[in-house]
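Asks: The residues making up each chain are set out below.
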Amino acid sequence: MIASMSDKSPSQQLLTLLSDFGISDEYVAVIKGVIAQINPMLRVVDITHKIPPQNIAAARFCLMNAVPYFPVGTVHVAVVDPGVGGKRRAVAVELAQGFLVAPDNGLLSGVLSQNRAIAAVELTNSDYWRTSEPSSTFHGRDIFAPVGAHLASGVSLQQLGPEIDPETLVTLNLPECSQKNDMIIGCIQYIDHFGNLVTNIPENYVQGKNWSVEIKGNIIKALETYSDVKIGELIALVGSHGWVEIAVNSSNAQLELSVKLGELVEIS
Amino acid sequence: MIASMSDKSPSQQLLTLLSDFGISDEYVAVIKGVIAQINPMLRVVDITHKIPPQNIAAARFCLMNAVPYFPVGTVHVAVVDPGVGGKRRAVAVELAQGFLVAPDNGLLSGVLSQNRAIAAVELTNSDYWRTSEPSSTFHGRDIFAPVGAHLASGVSLQQLGPEIDPETLVTLNLPECSQKNDMIIGCIQYIDHFGNLVTNIPENYVQGKNWSVEIKGNIIKALETYSDVKIGELIALVGSHGWVEIAVNSSNAQLELSVKLGELVEIS
Amino acid sequence: MIASMSDKSPSQQLLTLLSDFGISDEYVAVIKGVIAQINPMLRVVDITHKIPPQNIAAARFCLMNAVPYFPVGTVHVAVVDPGVGGKRRAVAVELAQGFLVAPDNGLLSGVLSQNRAIAAVELTNSDYWRTSEPSSTFHGRDIFAPVGAHLASGVSLQQLGPEIDPETLVTLNLPECSQKNDMIIGCIQYIDHFGNLVTNIPENYVQGKNWSVEIKGNIIKALETYSDVKIGELIALVGSHGWVEIAVNSSNAQLELSVKLGELVEIS
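Residue numbers (numbering that gives the first Met the number 0), protein chains in the order written: chain A, 0 to 267; chain B, 0 to 267; chain C, 0 to 267.
Check the hints yourself; a few may be wrong.
[Stated by the list, open to error] With a straight-line Cα cutoff of 25 angstroms, these simulated DSS-like cross-link-like pairs (lysine-lysine) come out:
1. A:K215 - A:K229
2. C:K259 - C:K215
3. B:K220 - C:K86
4. B:K86 - A:K220
5. B:K49 - C:K49
Bear in mind the hints are in silico, worked out from the structure with no lab data behind them.
Produce the entire structure from the sequences given, and follow the hints as far as they go.
Replies: Given below as structure tokens:
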């Protein structure tokens, strides 16, 4: 059941990193140094380190949208960890698609809503940590990154600690979208750096229909792509990530509409 | 005529990325995942992802200044694409120096002002896309990055689509610098993150001469390097990219002079 | 005495980059292109390029904290260089841990306070530069990166230029922390992107003791980890880098306390 790493050339093995460590300090480099000490042949790809500090919901969204595009067998190490040093568990999860290594605080619940967990373990075996006495504030360096590097180098999930029931992994409670007659009610779950407003309404709710979306009193018609409207005009569409999105052609919908995360939207 | 990739070890093959996708979201990682699925041995180097959104002129400038420093045969994938999903062409261009893959919106016109196009094609062969039904908003993921990865892996330019006349590639109309008697008139074409003001006046207009530059009423003498003036003082010089530049030693000329892109300068 | 590179597979050889070049412009990519032209098999890891412009103290702090985590033999190229083109020396230093390549302006003095210099040279041999006529404003591209790439590819330190006495390398004068009876007086030497305030008081001054720290009239008790206090509350602790640190659980201590670099702290 456990995917073997041994059928890949070691220099083809990928490990991704996602965190809120930013890129101004040396934290991410320290993690990459620790990984290189364990296995200098691993290829490391940054998903992003600019998750707003301690924002588990944003981390959950980015990880969920990135994982499907990576080769089978990729190890994803994700560290947004406001509970570091406290009682939350550190876990690793095996999917058909690859492996996840993270604190058990809801960060993985987006990926897990789209992928079945084959197995999960709690990271208690300090043989695969950087040190048996990890810092109480930087488990990214001392636990998550070294465990991810070992996993990507052929250590099995079961060596990392005792198996846990994947059903017990923490789920982040997001407002769900609901359908009532012809009306769908959802909310803005993510705002990207272009200012595009990503709702929590998935593609299949609107596929093949004529629809428009209402937000803060604006009714916006659905079209195919940004350039279907004039520069500066609002458009609703299904974004490349598969969610209903509100954008402005060549501009910033967040600034235009003064919208915050959680803002309600209605589709009819 | 077509440079062969086969004389290189696959792990030496470079692909660069330039975009306005930012580094806060997962977009760039998705592109790197797509590339790794096609060829996990490729080396990917980011030129920058912090081009101001939809700013084709800034993308053109950065790409033009980066390409000459990469090994022959490097594939450069550049995506600043306000017309995504609309009628603009997607193209690939072969140079003696390497390959360019981008939307045909002027982004390539800087590189092409310094390098002869050996051949160009329109990217219509969906065999080399991620999917034959690409998203209407993210051709970076679905067309440009996969085409670039295939090109860097040995697919020939001609397999990607029908040849087009390189003369038909879109050129960005920038204000040109002009010379009249002993006076050169130009403008600020780029401002870097140090606040250094880069003009559109090339090195050869001033080489071997005594000169000074006037901007917003300030007359600034040309010297060799930043530390030739005191800390906080203005200096004019030929920057490392080969253009006339205005800077402040250990400080920010943009803030000092409140200058915007396009601001006129005169050299005498 | 000189560590040999030849016992490593070339694709395992690491070179790190640290600078104040930012990631908006193409400068860092140009450096990576230059390195790839010299040796396309080198693995390049960014420490950070977001050092505040010309801030040697911040560069010194980040480099000092990153170097210990990289494999033995790693070459670290660090360029924060307000004196570029002036009279400061360009140097390379050999440690048991690896190699440093940088301007001699104090940037290396943090690493050198924790690692003995085995040898040092001044970078005068232009055979290992990109060009024998380097730009007067971009020695990162023309001297430091190419020298680092050659060093990581097996060129010996002694080939790069004449040996110099490591004792003559420039030291950055930071306020030192001092101890008087039971009182330790120090200051804030670095503020990270979470807003955590890092003092210049090392771990061994407080190890095994009960202590609290005073800053701007606030007395803050030392505990183990961020989550030992409620969300929004101040905590003092030894940070993962080994220095006494002041933080706020799930928030930003810099904003909370309006603290600047150099602010005094007292431990009792």
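Asks: State for each hint whether it applies.
Replies: Checked hints:
no.: 1; hint: A:K215 - A:K229; in the structure: 21 angstroms, holds
no.: 2; hint: C:K259 - C:K215; in the structure: 11 angstroms, holds
no.: 3; hint: B:K220 - C:K86; in the structure: 21 angstroms, holds
no.: 4; hint: B:K86 - A:K220; in the structure: 21 angstroms, holds
no.: 5; hint: B:K49 - C:K49; in the structure: 13 angstroms, holds
When held up to the earlier numbered hints, the structure conflicts with none and fits them all.
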